[in-house]
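Take these sequences, add in the hints, and give me the full structure.
These protein sequences, in sequence, are chains W and P. So the first sequence is numbered by this note's numbering: it starts at 1 and just counts up by one. So the second sequence is numbered by this note's numbering: it starts at 1 and just counts up by one.
The set of hints was computed from the structure by calculation and includes no laboratory data. Some hints here could point you the wrong way.
[Unchecked claim] Partner residues aside, some chain W positions facing chain P, computed with beta carbon under 8 Å: (1) L18; (2) G35; (3) G39; (4) K105; (5) Y119; (6) L135; (7) Y141; (8) N167; (9) P257; (10) Y260; (11) R261; (12) A289; (13) I327; (14) A329.
Backbone N, C-alpha and C fix where the C-beta goes; we use that ideal spot for every residue, glycine too.
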Amino acid sequence: MTSRKVSKKTNVNKQELLSFYKDMLLIRRFEEKAGQLYGMGLIGGFCHLYIGQEAVVVGLEASAEEGDKRITSYRDHGHMLACGMDPNGVMAELTGRAGGYSKGKGGSMHMFSKEKNFYGGHGIVGAQVPLGAGLAFADKYLENDRVTFTYFGDGAANQGQVYETFNMASLWKLPVIFVIENNQYAMGTSQLRSTSTPDIYTRGSGFDIPGEAVDGMDVLSVKAAGDKAVKHCRAGKGPYILEIKTYRYRGHSMSDPAKYRTREEVQKMREERDAIENIRSILLTGNHASEDDLKSIDKEIKKIVNESAEFAKASPEPELNELYTDIYA
Amino acid sequence: MTTEILMPALSPTMEEGTLAKWLVKEGDKVSAGDILAEIETDKATMEFEAVDEGTISRILVSEGSEGIKVNSAIAILADDGENISDLELSDISNEKQTLADTKNSKLKVETSTIESISEPEWTDATKVNQKTVREALRDAMAEEMRRDEKVFLIGEEVAEYQGAYKVSQGLLEEFGSKRVIDTPITEHGFAGIATGASFAGLRPIVEFMTFNFAMQAIDQIVNSAAKTLYMSGGQMGAPMVFRGPNGAAARVGAQHSQDYTSWYAHIPGLKVAAPYSASDAKGLLKSAIRDDNPVIFLENEILYGRSFDLPDIEDYIIPFGKARIWRKGTDLTIVSFGIGMQYALKAAEELAAQGIEAEVLDLRTIRPIDYETIIQSVSKTNRCITVEEGFPVVSIGNHLSAYVMEHAFDYLDAPIINCTGKDVPMPYAANLEKLALVTTEEVVSAAKKVCYR
Numbered sequence: 001m002t003s004r005k006v007s008k009k010t011n012v013n014k015q016e017l018l019s020f021y022k023d024m025l026l027i028r029r030f031e032e033k034a035g036q037l038y039g040m041g042l043i044g045g046f047c048h049l050y051i052g053q054e055a056v057v058v059g060l061e062a063s064a065e066e067g068d069k070r071i072t073s074y075r076d077h078g079h080m081l082a083c084g085m086d087p088n089g090v091m092a093e094l095t096g097r098a099g100g101y102s103k104g105k106g107g108s109m110h111m112f113s114k115e116k117n118f119y120g121g122h123g124i125v126g127a128q129v130p131l132g133a134g135l136a137f138a139d140k141y142l143e144n145d146r147v148t149f150t151y152f153g154d155g156a157a158n159q160g161q162v163y164e165t166f167n168m169a170s171l172w173k174l175p176v177i178f179v180i181e182n183n184q185y186a187m188g189t190s191q192l193r194s195t196s197t198p199d200i201y202t203r204g205s206g207f208d209i210p211g212e213a214v215d216g217m218d219v220l221s222v223k224a225a226g227d228k229a230v231k232h233c234r235a236g237k238g239p240y241i242l243e244i245k246t247y248r249y250r251g252h253s254m255s256d257p258a259k260y261r262t263r264e265e266v267q268k269m270r271e272e273r274d275a276i277e278n279i280r281s282i283l284l285t286g287n288h289a290s291e292d293d294l295k296s297i298d299k300e301i302k303k304i305v306n307e308s309a310e311f312a313k314a315s316p317e318p319e320l321n322e323l324y325t326d327i328y329a
Numbered sequence: 001m002t003t004e005i006l007m008p009a010l011s012p013t014m015e016e017g018t019l020a021k022w023l024v025k026e027g028d029k030v031s032a033g034d035i036l037a038e039i040e041t042d043k044a045t046m047e048f049e050a051v052d053e054g055t056i057s058r059i060l061v062s063e064g065s066e067g068i069k070v071n072s073a074i075a076i077l078a079d080d081g082e083n084i085s086d087l088e089l090s091d092i093s094n095e096k097q098t099l100a101d102t103k104n105s106k107l108k109v110e111t112s113t114i115e116s117i118s119e120p121e122w123t124d125a126t127k128v129n130q131k132t133v134r135e136a137l138r139d140a141m142a143e144e145m146r147r148d149e150k151v152f153l154i155g156e157e158v159a160e161y162q163g164a165y166k167v168s169q170g171l172l173e174e175f176g177s178k179r180v181i182d183t184p185i186t187e188h189g190f191a192g193i194a195t196g197a198s199f200a201g202l203r204p205i206v207e208f209m210t211f212n213f214a215m216q217a218i219d220q221i222v223n224s225a226a227k228t229l230y231m232s233g234g235q236m237g238a239p240m241v242f243r244g245p246n247g248a249a250a251r252v253g254a255q256h257s258q259d260y261t262s263w264y265a266h267i268p269g270l271k272v273a274a275p276y277s278a279s280d281a282k283g284l285l286k287s288a289i290r291d292d293n294p295v296i297f298l299e300n301e302i303l304y305g306r307s308f309d310l311p312d313i314e315d316y317i318i319p320f321g322k323a324r325i326w327r328k329g330t331d332l333t334i335v336s337f338g339i340g341m342q343y344a345l346k347a348a349e350e351l352a353a354q355g356i357e358a359e360v361l362d363l364r365t366i367r368p369i370d371y372e373t374i375i376q377s378v379s380k381t382n383r384c385i386t387v388e389e390g391f392p393v394v395s396i397g398n399h400l401s402a403y404v405m406e407h408a409f410d411y412l413d414a415p416i417i418n419c420t421g422k423d424v425p426m427p428y429a430a431n432l433e434k435l436a437l438v439t440t441e442e443v444v445s446a447a448k449k450v451c452y453r
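The following block contains the structure:
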C-alpha cells in the first residue's frame with residue numbers, strides 16, 4: 001500500500017468525501033454480490049461487472065443536476081446505482097423477477113428508469129451514442145438547459161456511428177457529454193491492438209469538440225472534469241468529450257477468464273490505484289473519519305446489498321401474461 | 001456464523017465443472033476479491049474470487065475433482081460476525097415483498113390510441129379533390145405538425161431542397177428549421193438521434209431518402225426503437241415514424257430497388273404501413289404520427305405522382321389494421337398492398353372481361369394485418385392469390401398463405417398462389433427489369449389457375 005498514489009486535491013469537504021466513499025462502495029459490494037448470485041445460478045446470461053470503474057460514474061453523478069439524463073452500454077449496474085435507482089429493483093432485474101426495473105423482461109443489459117432519467121442499458125456496442133445525442137437533442141428542442149451523459153467504452157469508440165454522432169452533435173451544438181470509459185480492454189482486445197492512436201479524446205478534434213483525458217481512478221479528478229464539461233454544455237457551447245482512463249478488475253463478463261492480461265497487472269491496479277482505497281486513505285489521513293466511522297459505513301452498505309439480494313431472490317418471477325405486454329404502447 | 005462457499009456457475013451454460021486448483025488453504029483469512037480457486041468451466045479456466053471476508057474453515061472438495069455440480073458446497077467460510085442476523089434479513093425481505101406485490105398488481109392495461117380511430121365515412125355525397133400521393137403525404141405531415149409541436153421532420157434534403165422526391169415541399173417555410181431538419185448523409189446516426197429524442201418524448205418523423213439506405217440504420221430501428229418499450233417493462237418507447245420510398249423505382253438497379261416490407265413486418269414492436277392510394281397515404285400517415293409506437297411507413301416512388309380522389313373531410317385519419325375492399329367479387333380473393341395494388345386492380349379488370357369476378361383487398365397495413373377481412377373474403381370466394389413486388393422467399397404472401405391454410409383450410413378450393421417479384425437482384429436493362437417485377441399478366445394467369453380456368 002506504500003506506493004498508493006493519493007489524490008493531491010484537498011479542497012473538498014468531508015461530506016463530499018464520505019458520500020463518494022459510500023457511493024463507490026455500494027457499487028463495489030453490489031457487484032460482488034451480483035457475481036455471487038451469478039455463481040449460484042440466480043442470475044443468467046451475460047453479466048458485466050463494474051468493479052474497478054466506480055469512480056467514473058460516482059464522480060460524474062456528483063456533477064449532474066436534477067433533470068440531467070444518462071445512458072450507457074451493457075456494463076450498466078454502476079450507473080444505475082450512482083443515479084439513485086433502487087438497488088432492490090436493479091438486483092431483482094438481474095435475477096429476472098417481477099420486482100425488477102423492467103419487470104424481469106430486460107435483464108442485466110437492458111434496464112431503464114424514467115423517474116431517474118436513466119435511458120438504458122443498451123446491449124449493442126455503440127448504439128447508445130446516437131441515442132444519447134438524441135436525448136440531448138430533445139432537451140435543446142424543448143429549450144431547457146439539461147445535459148445528457150452518454151457513456152461508452154474504448155471498444156465502442158471504434159464504431160462508425162460514434163463519429164456520425166460527433167458530427168451532428170457538434171453541428172447542432174447538442175448538450176451532450178461523451179464519456180469514454182477507457183478501461184483498456186474491449187472484451188479481450190487491448191486498446192493498443194484496437195485503436196490507432198492512444199488518446200481517444202483527441203478524436204473529437206476533427207469535429208471541433210473539445211476533449212480531455214481524466215484519471216478515472218481518482219473520483220475527485222473525475223468530479224472536477226465533470227463540472228467543467230457540464231458547464232460547457234449548459235452554456236450552450238455544444239458537446240464535450242471526457243476520456244476517463246479507468247480499469248476493470250473482473251473479466252469482460254462473468255464467463256471471461258481474462259487470459260489476455262496478467263494477474264500481476266490487475267493486482268498492481270488494485271493495490272496502487274484503487275479509487276475506493278484512495279478516498280479511504282484521504283478520509284483517514286485528513287482526519288475526516290475514523291476507522292470506526294468507515295466500518296459503520298461498510299456495515300450499512302453491506303446491509304443494503306444483502307437486502308437487495310434477498311429482495312431479488314424473494315421477488316416472484318413475472319406473471320406469464322407479461323410475455324405479451326409492453327410490445328405496443 | 002459460517003457460510004458455505006458454493007461451486008459457481010461461471011458461464012451462461014455451465015452446469016458442472018472441475019476444481020482445478022485451490023489458491024487458499026484451511027485457516028487462511030480471505031477478503032472480498034481474493035482469488036480462492038481456479039475452476040474449469042465448459043469454456044475456460046476461470047479464477048473464482050471471494051465475495052465475503054472471513055476465514056476458510058474447511059475445504060470440502062479437493063483439488064482436481066471433476067464434475068462438481070454448480071451450487072454444491074466446496075468450502076466453509078467462518079464469518080467474523082458482522083453480518084446482520086438472519087431474522088433481520090427475512091423481515092426486510094418480507095416487507096419489500098409486500099411492496100413488490102403492490103407494485104405488480106398495477107399491471108398496465110394494454111391500450112392503443114389507434115384502435116379508437118374509426119374509418120371516416122366516405123359516401124357518394126362526399127366532396128372529393130384530386131390529389132397526388134405526394135401532396136397527400138405532405139398535407140398529412142403539415143396537419144400533424146400544426147396539431148402537435150413535438151412532431152418534427154428530420155432527414156436528408158427534407159428542408160432546403162424540399163425533399164429529394166419533393167414530399168416535404170413547403171414544410172420548411174411553414175415550420176422553420178427547428179422542426180424541418182436537414183441532416184448530413186448519415187442514416188445510422190440520425191436514425192439513432194431521432195430514436196433517442198423519441199425516448200425523451202418528442203415525436204420524430206424520420207425520412208429516409210429511400211428505404212434502401214435505411215439498411216444502414218436498421219440496428220437502431222429494430223434494436224433500439226422497436227424493443228425498448230418491452231425491455232423497459234413499459235417505461236419508455238419510441239413514438240416515431242420512419243418513412244420514405246420503398247421498393248423498385250425505375251431503372252435504378254439492384255441497390256436502389258428493394259422492397260423491405262417483409263423485413264419490417266417480421267419485428268414485434270414495429271407497426272408497418274404500405275399505402276397505395278393518396279387518401280390512404282394521408283389517413284394512415286396521420287395515424288402513424290399519432291401512434292405511440294415506432295411505425296415503418298413504406299411509400300413508393302412510382303406512386304408519388306399518381307392522383308387519386310381524396311375526400312374533403314377534416315382531419316381525415318385511417319385506422320391501422322383495417323383492409324380496404326377496392327372491388328367486390330365472388331370468384332376469388334386477390335390480396336395485395338402498396339404498389340402491388342396496381343397489378344391487382346388491373347388484373348381484376350381483365351379478369352372481369354373474361355367473366356371472373358375478383359374481390360380485391362388492399363391490406364394498407366402489414367402490422368397489424370386485417371386477418372378477419374381476408375378470412376371472410378376467402379370463406380366466400382374459396383380461392384386466393386397474393387400480389388407484391390418483393391422477393392418470393394419469406395414474402396408477405398408466404399405468411400398469408402400459411403395463415404389462410406391454418407384458419408380457412410376447409411374453405412379453400414385451390415392452393416393459394418403468391419405473385420411476387422423474381423428471386424434476382426434488380427437488373428438495370430429495361431427489358432430485364434420488367435421481367436424481374438411482378439406483372440399484371442402473371443396475376444391474371446395465377447387467378448385463372450386457382451379458378452381452374
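Handout entry: Violating hint indices (sorted, rising)
Key = 1, 10, 11 and 12
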